[in-house]
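All chains should be built: construct the whole structure from the sequences, respecting the hints.
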Amino acid sequence: MGQTFAEKILARKSGRGQVAPGEIVEITPDVALSHDNTAAIIGIFQQMGGRRVHRPAMHAIFLDHAVPAPSTKHAENHRVIREFVREQGISNFFDVGRGICHQVLVEEGLALPGEVVLGSDSHTPHAGVMGAFAAGIGRSEMASIWAVGSLWLRVPESMKLTVRGRFQPGVTAKDLALWVIGDLGADGGLYMSVEWHGEGIEAMGLAERAVLPNMMAEMGAKNCYVPPDRIALEYLTGRAKRVFEPVYPDEDAEYTEAIEYDAGVIEPMVACPHAVDNVQPLSKVAGTRIDQAFLGTCTNGRLEDLQAAARVLEGKRIAHGTRMIVIPASSQVYVAALRAGYIETLLNAGAIVESPGCGPCMGNHMGVPAVGEITISSANRNFQGRMGTKESEIYLANPAVVAASAVAGEITHPKDL
Amino acid sequence: MKLIRGRVWKYGDNVNTDVIFPGKYTYTISDPTEMPQHALEDLDPRFVKGVRPNDIIVAGRNWGCGSSREQAVTCLKETRVGAILARSFARIYYRNCLNAALPALTCNEAVDAIVDGETVEIDLEGGTIRCARGEFPFPALPPAVMAIFDAGGLVAYTRRRLEAGDRGGQA
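Same order as they appear, the protein sequences are chains A and B.
For the first sequence, this note's numbering assigns the number 1 to the initial residue and increments by one for each residue that follows.
For the second sequence, this note's numbering assigns the number 1001 to the initial residue and increments by one for each residue that follows.
Keep in mind the hints are simulated off the structure, nothing from the lab.
Wrong hints could be hidden among the right ones.
[To be verified] DMTMM-like mimics (lysine to aspartate or glutamate), calculated; alpha carbons at most 25 angstroms apart, straight line:
#	chain 1	residue 1	chain 2	residue 2
1	B	1077	B	1125
2	A	390	B	1042
3	B	1024	A	391
4	A	390	B	1013
5	B	1024	A	354
6	A	73	B	1042
7	B	1077	B	1031
8	B	1024	A	373
9	B	1077	B	1044
10	A	390	B	1034
11	A	73	B	1034
12	B	1077	B	1121
13	B	1024	A	245
14	B	1077	A	373
15	A	8	A	245
16	B	1049	B	1118
17	A	390	B	1031
18	B	1024	B	1013
19	A	73	B	1041
Structure below.
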C-alpha cells in the first residue's frame, strides 16, 4: 500500500520501513525552532539538568515576537537568549529586526524538502510550504529536544485537499484558506497531516502558497505539506543550507479524507470575530466600520502582500480617523519593498511602517487596539483578546481588502473604492 | 494521584489558549505561581475566584486551540485542576497536558452526561469516569506517553534520561 507524505517521512526519519497512523515514533528533527520563548525554554532545560544543547547546528533561534523590546522585561528576555546562544555556539541565531521566524526560516534556506522541523510555535507548519514535515510543540518539549536530541511524535492521519481551477481576479490563497477553514471548521484537520495538491496550488508563487500551511494550524492540523515543485526547488538553488532529499506521497496513498475545491468559485472571504472558522463572504460584511487596519505577520507580510496593498493605496489616502499599520515580515521583505517603491506608496497614503516582527498580532505592542475598537488584519488569528483587550474585534482578510478597508474606513472590496 | 474527585466547570467548543491564558502575559509572567490568577481570565472570570483543588474542567471539541503556549496548561496545573475532560483537544495543548502530567481525557458520552457544577470521580488506572448519570470508560494513553506521565511530567522524565546518560537522538 502506498504511503502519505507524513507516513513516508516519519518512516524514513525513525529508521523504520513503514509506519501507520497512530504509531508513536521517536524523531530527531533537522531543525529545532524557537523564538522569544527561548528564555523560558532555557529555564526548563536547566531544570532538566541540561548543560550543553544537543547538536548546536540543529537549532534556529529568532527574536521576533516583541521586537525591538517594548519593556525592560522583554529586553531582559532577549539578553538572556543572546547570552545563551553565544555560550552554546548556536550559529543560526537571528536577532531583533531580521523578521518573523517562519518567514526567515524559509528565506535562510533552513526550511528544506524532506526535513523535519519542530518548533515551539503553533504556526510552525508554515515550513511545509517547502515540503518539510513541520509541527508545533510545547516549550518543555523543546527543552527536552535540546537535552536529548529527540521527541516522540504520533504518526498522523492524512487529509488530501486538491485545488482545481484558477482564482477569479482579487481572490488569493488567504481567501482559499479561510474558505476551507470555514468549510471544515476549527478542528476540521485536528491531529492531521494536511496535503495540498492540484493545479490551483501549482499556479501559485511561494509567497501565496505559504499562507496555506501557515493557516492550517487554525484547523487543528499537525503539519501541512505542499509538494516541492520546480518553483520551490529553483528558490532553494544557492539558498539551501544543506543537501536535501524531497519526499513525495505515493499515488496510491490512503487518506482519511480527500476533498476537492474549485478555486474558480471562491470569493474574497473574511473571518469574523472571534473565531477563524466564523467565515463570511466579503460581500456579507462589507460596510462594517473599522478603526485600524493591520498588514503584516507570518501569514501575509511578504513582498507580494505589500505590493497588493500598495496597488490599492496608490494615489489614495487612508480614511480620516482610521489608521493603518504595516509590518514587513522580514528585513529582506522590507528592503525589497523599499526598492520597489511600495513603502513610499504606503507612507504617502498615510500608513505607519514599523520594523519587522510580529507586532500587535498577539497584543504585544506597535498598534494594539483600544477598548471597543475594530481591527481588520491580514493575520491568521482573531480570537477574543488576541490583540490585547477582549473588548475589541478582529476581522481577518487578504492584504488588498485590508488596504481598501483602510481607505474607506469600513470593510470594503478594493473594486468598490 | 489515581483517583480524582472534584467539581465540574463545564465549557463549550473551540476554547482557545488566548482566553485560557492571554497572550499579553506570555513574555511578562514567567513564574508559574503567578499564572493561576489569570487562568481562564477572558473565558470565565468566576473560575479563579471559585476553583478548588481537584476540580475538573469538562469541555466540548478542540479545547486549547490556538497558540502553543504552555502557560495555558501550567496556569491550570498550578490552580491544581485535577483533570480536563473534553470531546477533543487541540494537539499541542494535549501534548502540553501530558508533558505536565495533567490528565487530559476524551469521552463524548461523559461530556454529554456531566452537568456544570456537579461532583464527578475519575479513576485514572481503571479508566472510568463516574458522574450522577452513570459510569463511562475512557481510552488509555499509549504506553510510550504513559512513561512520561508516570515520571511526573516531561521535565522529570528528561532529567532521568540525562542522568542515565541517554542521548536519544543520533549525534
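- request: Check each numbered hint from earlier against the structure, then list the numbers of those it violates in ascending order.
  value: When the structure is compared with the hints, numbers 13, 14 turn out to be violated.
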